[in-house]
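Asker: Read off the chains here:
There are 2 protein chains.
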Amino acid sequence: MTIQSKFSGLGTDAAPGQESRQLSGGIDAILLGDAITGRPVDFSHGDVDAFTPTPGSFEVFSAGVEAGGRQAYTEYRGDLGIREELATRLAGFTGAPVDARDGLIITPGTQGALFLAVASTVSRGDKVAIVQPDYFANRKLVEFCEGEMMPVRMDYATAEGRSGLDLSQLEDAFRSGAKIFLFSNPNNPAGVVYSRAEIEAIAALASQYGATVIVDQLYSRLLYAGVDYTHLRAQKLDAENVVTIMGPSKTESLSGYRLGVAFGSREIIARMEKLQAIVSLRAGGYSQAVLRSWFDEPAGWMDQRIREHQAIRDDLLKVFRATSGIQVRTTEAGSYIFPALPRLAVAGGDFVRILRLQAGVIVTPGTEFSPFSESSVRLNFSQDHAAAVAACERLVTLVDRYRA
Amino acid sequence: MTIQSKFSGLGTDAAPGQESRQLSGGIDAILLGDAITGRPVDFSHGDVDAFTPTPGSFEVFSAGVEAGGRQAYTEYRGDLGIREELATRLAGFTGAPVDARDGLIITPGTQGALFLAVASTVSRGDKVAIVQPDYFANRKLVEFCEGEMMPVRMDYATAEGRSGLDLSQLEDAFRSGAKIFLFSNPNNPAGVVYSRAEIEAIAALASQYGATVIVDQLYSRLLYAGVDYTHLRAQKLDAENVVTIMGPSKTESLSGYRLGVAFGSREIIARMEKLQAIVSLRAGGYSQAVLRSWFDEPAGWMDQRIREHQAIRDDLLKVFRATSGIQVRTTEAGSYIFPALPRLAVAGGDFVRILRLQAGVIVTPGTEFSPFSESSVRLNFSQDHAAAVAACERLVTLVDRYRA
Chain A
1 MTIQSKFSGL GTDAAPGQES RQLSGGIDAI LLGDAITGRP VDFSHGDVDA FTPTPGSFEV
61 FSAGVEAGGR QAYTEYRGDL GIREELATRL AGFTGAPVDA RDGLIITPGT QGALFLAVAS
121 TVSRGDKVAI VQPDYFANRK LVEFCEGEMM PVRMDYATAE GRSGLDLSQL EDAFRSGAKI
181 FLFSNPNNPA GVVYSRAEIE AIAALASQYG ATVIVDQLYS RLLYAGVDYT HLRAQKLDAE
241 NVVTIMGPSK TESLSGYRLG VAFGSREIIA RMEKLQAIVS LRAGGYSQAV LRSWFDEPAG
301 WMDQRIREHQ AIRDDLLKVF RATSGIQVRT TEAGSYIFPA LPRLAVAGGD FVRILRLQAG
361 VIVTPGTEFS PFSESSVRLN FSQDHAAAVA ACERLVTLVD RYRA
Chain B
1 MTIQSKFSGL GTDAAPGQES RQLSGGIDAI LLGDAITGRP VDFSHGDVDA FTPTPGSFEV
61 FSAGVEAGGR QAYTEYRGDL GIREELATRL AGFTGAPVDA RDGLIITPGT QGALFLAVAS
121 TVSRGDKVAI VQPDYFANRK LVEFCEGEMM PVRMDYATAE GRSGLDLSQL EDAFRSGAKI
181 FLFSNPNNPA GVVYSRAEIE AIAALASQYG ATVIVDQLYS RLLYAGVDYT HLRAQKLDAE
241 NVVTIMGPSK TESLSGYRLG VAFGSREIIA RMEKLQAIVS LRAGGYSQAV LRSWFDEPAG
301 WMDQRIREHQ AIRDDLLKVF RATSGIQVRT TEAGSYIFPA LPRLAVAGGD FVRILRLQAG
361 VIVTPGTEFS PFSESSVRLN FSQDHAAAVA ACERLVTLVD RYRA
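Top line first, the protein sequences correspond to chains A and B. Start counting the first sequence at 1; every next residue gets the next number (full-length UniProt numbering). Start counting the second sequence at 1; every next residue gets the next number (full-length UniProt numbering).
It should be emphasised that the hints constitute simulated quantities derived from the structure, not laboratory data. A hint or two may mislead.
If several chains are the same, the list does not tell them apart, and a pair holds so long as it fits within one copy or across any two.
To be verified - Computed list of lysine-lysine pairs in DSSO-like fashion (alpha-carbon distance at most 27 Å, straight line):
(1) 127 with 236
(2) 127 with 318
(3) 318 with 236
(4) 318 with 179
(5) 6 with 318
(6) 179 with 127
Here the structure is a predicted model, which means the values were calculated and not measured.
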């Protein structure tokens, strides 16, 4: 494989946040009607000006700078004192012990943790089970490591009280030799939570086939009313075969500090540290200090954040469900909503560009997450409430305008 | 290649900064005499409490946090406004144009830039010319990408006014198919600067054989009196075949913010951004703001920093040269010194551990940089002046104690 062919699949042209690099050539010819005015909303990521970082996070960062060299140059896996604080809190949150010394690594964002976890477990030709739809980088990470992707469908649209993962496809993948299963829970982009029965089944299958599971739980703190969350790492399977990934970039709006953690399997964490040593040395030393504020937010702060997101979710659901032909499942956790649009007279990718040009609305095309999601778009609704609702109203106006 | 074998070569046990994870089992049996008291010095990296971060760097970081979402979520390659400021300054410094939009990427540290540059140019089986000795991660990066290393010797110990790179070995490597040449200038660990004639010869050979050159110029601002520095990217070779890497982690003591840049070849930078999107998304958004202070330090600040380092260098040279059997070349740039010790009664790796246990002195073993450097140790002398001198006096006392 040449380096050119290796990178040809790693396109970022439609990736969230990269819209400013897109050219709009050719689209003018298919535009219908005039632009709709309104405050622009970038749904490709959360708006940390609308939902601001955890109170006290900057102060704890400043204390890190004040601490000087000790905080600037930590072990590659992160400062031990901070790992110890986190281990206790993460064990409490997930319901299973975390080994601060050998079973936890601090990374530059959860993206850093995902990269290190995949590159530390997948080598050329290894089969990896990947959910469709799921976080777009999962597929790219497997491709970069030259693994072989074994897709597992998730019928989130019709399932109720569960994700809709096709467990028989997952077992087929394990039976065909998949040694790794990588998935996000809550699912990105669909915003659904795996049921207890599904998580227990995943644990049982992974145990039976000796597979390693990497579970991205980035959004597992932002659960809406009535939703139960089951932590895979607290189920019956060998703790050395599970790596859990979390971080404070989303719910806590701390993305600007680039922080994530991976915890679980000591052997895999050890490899991840070896790799981090040549990839970026360590998560930013001063930024690591910000983790001291994580899982230690002011009383009531997280509850309020959840309530505010749930209120936006409910209003967006109303807008979408009032429009004929839009299908959308209720987001159970996190701040993604993934409506499937009706048949349009323009291609899915073109409609995404039209939305940006005519409505000032940036969304991420569904094809980033699954080849079967061309009719869907993902919105991160962690936004100013009124602006988000108005932007979705413009979106459905354009859906009507461009219907097939 | 299994994932286990892939990682077996990536050991970090002797890597700088990881000493706290080392066990001291077995060493007691070979200790001679008592410990020598004195203020411990960790020469594995610079002491940012002795040489503090650039004045104003924290304030410009704080302004980045204040800017909010715009600064937290930049393009993957970094904020365009900051890239534009940097492009102008880096063009002025290196003597060749820098394309802010397409030819520059901001990375998590220079380590991040090195990883992305190598992983964006080297695929399985590609031959890569690597200097011996050179920065230890260079070898590991090539191994991780499953490239084939073509070693090129540098006889820095005997050369004068040049690095001593064996240009005929470099040409042999190109003739044998090496398509990439990766090297640091000033050299890490030897602290020597390539002469104009050497850089021109490298440019001519790279042009002749169509090779890509990745040059790590991390220490190119910290030049001592009388030293000329030649920028490879300003020489006669195709600008698309050169990537230059720099960052403010060392001379400017900004390592805690994890910042680096790579600039040059548009095609390679484009690949690096695609890879960054799945490795860590972007350099920490708020940290990027700190680059506004880079190459914009207060008048006289850099000159003073250079003078202070030169004074430490001169005192360490005196200590080493007063000890029979220690050979050391004068550091021309940067803050590394790389003395070769006389024959000892203990192995090189054991002596490094003894130094830590009996003298409170942490150094990096020469074998991290080259298989031919077992008798050498690397010291980063960006330390408190008096403490560094005292620590080196303890080091030479132990050299005398453990002589063969």
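Asker: Give a verdict on every hint.
Answerer: Tested hints:
| no. | hint | in the structure |
| --- | --- | --- |
| 1 | 127 with 236 | within (23 Å within a copy, 46 Å between copies) |
| 2 | 127 with 318 | neither (41 Å within a copy, 59 Å between copies) |
| 3 | 318 with 236 | neither (40 Å within a copy, 63 Å between copies) |
| 4 | 318 with 179 | neither (42 Å within a copy, 58 Å between copies) |
| 5 | 6 with 318 | neither (43 Å within a copy, 52 Å between copies) |
| 6 | 179 with 127 | within (6 Å within a copy, 31 Å between copies) |
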